[in-house]
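Chemist: Given these sequences and hints, build the entire structure.
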Amino acid sequence: MLGDSPIAWKTKKQDTVSFSSAESEYRAMAFTTRELKWNHELLSCFDISHKQVMRFYCDNKAALYIAANPVFHERTKHIERDFHYIRDEIVKDSIATSHVRTTEQPADIFTKALAFQQFSYLRRKLGIRDLHAPT
Numbered sequence: 001m002l003g004d005s006p007i008a009w010k011t012k013k014q015d016t017v018s019f020s021s022a023e024s025e026y027r028a029m030a031f032t033t034r035e036l037k038w039n040h041e042l043l044s045c046f047d048i049s050h051k052q053v054m055r056f057y058c059d060n061k062a063a064l065y066i067a068a069n070p071v072f073h074e075r076t077k078h079i080e081r082d083f084h085y086i087r088d089e090i091v092k093d094s095i096a097t098s099h100v101r102t103t104e105q106p107a108d109i110f111t112k113a114l115a116f117q118q119f120s121y122l123r124r125k126l127g128i129r130d131l132h133a134p135t
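Numbering follows UniProt numbering, in which position 95 of the sequence shown is assigned residue number 95; successive positions increment by one, without gaps.
Hints listed in this document are in silico derivations from the structure and should not be mistaken for laboratory results. All residues carry an ideal CB built from backbone N, CA and C; glycine is no exception. Check the hints yourself; a few may be wrong.
What the hints assert, rightly or not - Across the chosen pairs, the derived CB separations fall in these ranges:
{"hint": "1", "residue 1": "118", "residue 2": "68", "range": "27 to 33 Å"}
{"hint": "2", "residue 1": "113", "residue 2": "3", "range": "26 to 32 Å"}
{"hint": "3", "residue 1": "121", "residue 2": "3", "range": "16 to 22 Å"}
{"hint": "4", "residue 1": "42", "residue 2": "115", "range": "17 to 23 Å"}
Stated by the list, open to error - The list that follows gives simulated cross-link-like pairs (lysine-lysine, DSS-like), each with its CA atoms no further than 30 Å apart:
{"hint": "5", "residue 1": "92", "residue 2": "51"}
{"hint": "6", "residue 1": "61", "residue 2": "112"}
{"hint": "7", "residue 1": "125", "residue 2": "51"}
Modeler: This is the structure we're talking about:
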């Protein structure tokens, strides 16, 4: 999101098998961190300054814990080192992670089959309007 506008999203099957949903979410967080850094650089090419810390919302508490906790332990030993890139960005205050409840996660509209009420709620949250609705 840039302001209130969605500017990028991606859904992709991972090419590796994760040992847990936390690992899968953590891998997605690392990929998204790289995308955020790229978008930040792209904005600067257009002379658009963004001084604030980039906010990163995730609905998986375990993945957020792994990103924030630099201690390696039994549950994270199988995650490749290059995915720990996100920790460096948190320490540099380049990004800040926050938990978002699953019911408030806007990305779910792109990745999950949702009930109409939840779909409509997330659509409104993203600012997406029905162009064919009567005015």
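Chemist: A separate judgement is required for each hint: does it hold in the structure or not?
Modeler: Here is what the structure says about each hint:
| no. | hint | verdict |
| --- | --- | --- |
| 1 | 118 - 68: 27 to 33 Å | 29 Å, holds |
| 2 | 113 - 3: 26 to 32 Å | 29 Å, holds |
| 3 | 121 - 3: 16 to 22 Å | 20 Å, holds |
| 4 | 42 - 115: 17 to 23 Å | 36 Å, violated |
| 5 | 92 - 51 | 13 Å, holds |
| 6 | 61 - 112 | 19 Å, holds |
| 7 | 125 - 51 | 25 Å, holds |
Of the numbered hints stated above, the single one contradicted by the structure is hint 4.
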